[in-house]
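Protein chains in written order, with this note's numbering: chain P, 706 to 971; chain H, 915 to 1195; chain C, 328 to 660.
Think of the hints as simulated: they come from the structure by calculation, not from any bench. Since this is a predicted model, take the numbers as computed values, not measurements. For glycine and all other residues, C-beta sits at the position ideal for the given N, C-alpha and C. Check before you lean on any hint, since a few could be wrong.
Said to hold, decoys possible - Derived EDC-like pairs: lysine to aspartate or glutamate, alpha-carbon spacing no greater than 16 Å straight-line:
#1 H:K1082 - C:D427
#2 C:K535 - C:E506
#3 P:K943 - P:D779
#4 C:K535 - C:E504
#5 C:K604 - P:D850
#6 P:K708 - P:D930
Unchecked claim - Not close to chain C: a few residues of chain P, all C-beta gaps over 12 Å, as computed:
#7 S719
#8 Q723
#9 A736
#10 Q772
#11 M791
#12 F803
#13 K830
#14 N831
#15 H856
#16 D921
#17 Y928
#18 H947
#19 T951
#20 Q967
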Amino acid sequence: MSKPVLTVRNLRVSIRSQDAPAMAVDGVSFALREGEVLAVVGESGCGKTKTAESLMGLLPTDTWDVQADAIELDGVNLPMQNEREMRKIRGQEISMIFQEPQTALDPVFTIGNQLCSIYRRHRNKNRKEATLAALDMLQQVGFADPRRILHSYPHQLSGGMRQRVMISMAMACRPRVLIADEPTTALDVTTQAQVLSRMTLLGREFGTSILLITHDLGIVAQYCDRVLVMHAGRIIEKATVHELFTDPQQSYTRRLLAAVPQVRTA
Amino acid sequence: MRSGRRLWTQLSRDKGGMTGFIIVLFFLLLAVGVWAGVLGQDWSVANGGRWESPGAEFWFGTNLLGQDVFQRSIFSVRTAFEIGIVVAVLSTFVGAILGALAGWYSNTWVDGTVLWLMGVLDSIPFYLFVAAVAFALQGNAWAMQLAMIATFWTTTGRLIRAEVMKIKSREFILSARAIGLPDPLILTRHVLPNTTHILLVQTSIAFVAAIKTEVILSFLGLGVHDGVSWGLMLAESTQEVLAGHFGNFLAASLMLFTLVMGFNLLTDALQDAFDPKQAAL
Amino acid sequence: MSGADRNLLSVRGLVVRYPAGVQSAASLTAVRGVDLDIPQQGIYGLVGESGCGKSSLAHAILQLKPVAAGQALWHRQDLLSMRGSQLRSARRKIQLVFQDPLASLSPRRSVLQTLVEPLDHFGIGQAGTGQAGSREEQASAALETVGLSPDLRHRYPRELSGGQRQRVALARALITEPELIIADEPVSSLDVSVQARIIELILELREKLGIAFLFVSHDLAVVGQLADTVGVMYLGKIVEQGAADDVFARPAHPYTRALLAAVPVADPDHPRPEILKGEPPSPLTPPSGCVFHKRCPEPITPCSTIVPTETSLQDSQTTDHRVRCHLWNSTKN
């Protein structure tokens, strides 16, 4: 039994509003273990994205109220209140990649510029070292011609390519945790296979634990070790992937599994 | 209308916006009062002596001709609103139509023509243009408004053009084209109603711009001739202030400042209220 | 050669080309010569990934995209060269439904207004007195057909859920009593459970009202549930098409096989999706010869230079199973 890298106890997230506060996340507790890929699955509105964003401290405090008994990284409480401390942790200890690759990259800078700046800032490399590290990382996410990618601008790349660039940026610092929020929902199925395979490969190699948020049960089955099923802001089932698919406990889970259209082969 | 009610609730939560709204409303009531013949009717009557100081009878004193400065500044509210409303509505209207056409037929000669026109108008120094128009129309009462409309529309035009270019590729427009609706119908029924957030704010901005412009034009002698406006009052005051009489200057500046401030607050609040990102919450 | 009689819509040699504009220096050929047939009351699933031209194809049929060549035969007339009243009556019978229901319904118009618009435009229903009543009745009936309460007719799109909006979009498509509905990714942005219900609805509509569908999607699983005939598109060409049973059971084209192998199966014991090598191509710079040869796991000599023609596999009882691939051409020789 590997020890937990990320521990969350009783996370509650609500909108601060005039009317009754709506609980987007209603008492969520879980542990992300070392080296595992943990899926958070549920339909839209179940609170999975808000959970992820609150772990990174990305929800603006004027609109959102985030409370938890504990949010710990390697046993140490995350300094949610201190924005400066959180900024050091983001990208370095915990990274996140999002669904829309087009908006996550700055359109006026080349990929090389953006990727290298991470190495220079967080890993203290000089320009030459950073370039080499960036090229190496791009190769690891599957680019056949990393040099061309380095000199490209985001709009010159396809969605799948941009997403792989995002992965390389997120993994540049070899973080303890990678949170991937629907990383392949906007991508084609062949590109998805490539992106997920590279992402999980890198995770294993760098010892990064992955929290993978998705609505696709196929992805859960093929790439993840354990799974959390969320509904209406709560975790209604926790299981290993095998357990979930062979013996789902909750009726909601069973309904979810039943609704998945299977590609027919015969 | 539904969205009107929603707009109101959002606006009422914004303290700055509400302050602005109340100020503007107040001035509007003054203007209505003047139109109705209830207020400011004695603006041209020379009741008092020359340059009397502010007192019980003349709250802001009198000017060179013995006219009541206070009455004149109240009457000027009507002038401001008349010019403001006419210019705001018409310039926004022209901007909306031409901008929509340019955006819908983008990258064609229609777009090219409108853009060229916008470019030409924007590159002419404004006051020279107004002077030219005023001169050409030789004292026509509408010369000033026409000049303003002819230049103000370009801002709205550009904004609407950009917005229409975004809207036209959205799927509900494609649906309308798919059943074969003619272009003019699509533009009026589906496209333009989705730009009202821009139009409303632009109208508000144009209103203030018109008032401010009128002040400068009147100051330069190119503006209002019959009637009185703050601009005229300020023009009068240049000489008077040197002689130590501040009535005109204070009245006009104070009222102008308050109205413009109120409008700015209101416009800011409107922009926030219409911001689609905020509305998503 | 399929007869125009059996088929509701027959597309031949369709080429869709976007002319060079301010944005791009070169013209973009999104569809490079496509043939397909949709039988009466049939559901044709057009599958492909982004950039393959499937949406351009679907929209071009209704003259919404620039057509450079080809025909679309509808009741023996070419849709692509129709004008005026002929085009109007064709458009009444062919309706379009889109992916993003929020974007496809006009935000400032109520459900009722949206539903009534095609009725007014095509002049359907009673003209003159009592028109309003009859329009509302028609709208309410359409809403009920798609399983929505007529009470929703005064709502606005933003007040409805994704599934409800898509049903409204379908209701609007149905209200003119079309013979064919072209649905471009209609369920892609919906949750799985909602998707399932919309799919059921589409099958019902075909059963009860005899409406044919051209269903465009990137999701093989969804297409598998709905389609009688499947066409697989890659970079502007249909590389394989045939009866859904045949294509899924015996995929002939390497791309079809790659597509099927790439879908993650909801079964942890199933082997992981295989990765298709290379990057998705850009329609601006298509490869020579077979459009797929650079990524094909089993290319042979002619692939890089000669464009393959369509071969019939002769393995089907019903619809002709055709593939555009040199591997199958050579076995014929």
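> Which numbered hints turn out to be false for this structure?
Replying inline: 3, 16, 17, 18, 19 and 20
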